[in-house]
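Participant: Numbering (UniProt numbering), first residue to last: 1 to 100.
The set of hints was computed from the structure by calculation and includes no laboratory data. Note that the structure is predicted; figures quoted are calculated from it, not measured. Idealized CB from N, CA, C, for every residue including glycine. Fair warning: there could be bad hints in the mix.
Cβ pair distances, simulated, as ranges [said to hold, decoys possible]:
| no. | residue 1 | residue 2 | range |
| --- | --- | --- | --- |
| 1 | 13 | 33 | 31 to 39 angstroms |
| 2 | 87 | 29 | 18 to 26 angstroms |
| 3 | 73 | 40 | 31 to 39 angstroms |
| 4 | 3 | 28 | 14 to 22 angstroms |
| 5 | 95 | 33 | 17 to 25 angstroms |
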Amino acid sequence: MLHVISLIAVSVVVVFYAFLGVLALTTGRMIVPWQRGRVPRPRLWGSGALLLAAGFVVLRFSAAVIGATAFGILSTGGLVLMGSGAVLQFLGQRVGRVQV
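With these hints in hand, go ahead and build the complete structure from the sequences.
Facilitator: Right, here's the structure in full:
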């Protein structure tokens, strides 16, 4: 039962994050107020959010696959998608100044 509850909770979070990515990609501006000043390139951030959500879905699906080869391929693909999404989101954000 706990597995089903965690699966539903993770699904809700991933769908919400993908929804934010789609909105940023289509409208060209950030919807959430705490990210508006930090993201000068929202389309790049939105595509990174979509890749990150897709990678998480693939990684979550790989846990249900039987077979070592398929599990290895799917989990590696999910991690690559998540990593590339995180890099795109980082590139879409404004890097802060370093205090010396």
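Participant: Give a verdict on every hint.
Facilitator: Cross-check of the supplied hints:
no. : hint                           : in the structure
1   : 13 with 33: 31 to 39 angstroms : violated, 19 angstroms
2   : 87 with 29: 18 to 26 angstroms : holds, 22 angstroms
3   : 73 with 40: 31 to 39 angstroms : holds, 36 angstroms
4   : 3 with 28: 14 to 22 angstroms  : violated, 39 angstroms
5   : 95 with 33: 17 to 25 angstroms : holds, 20 angstroms
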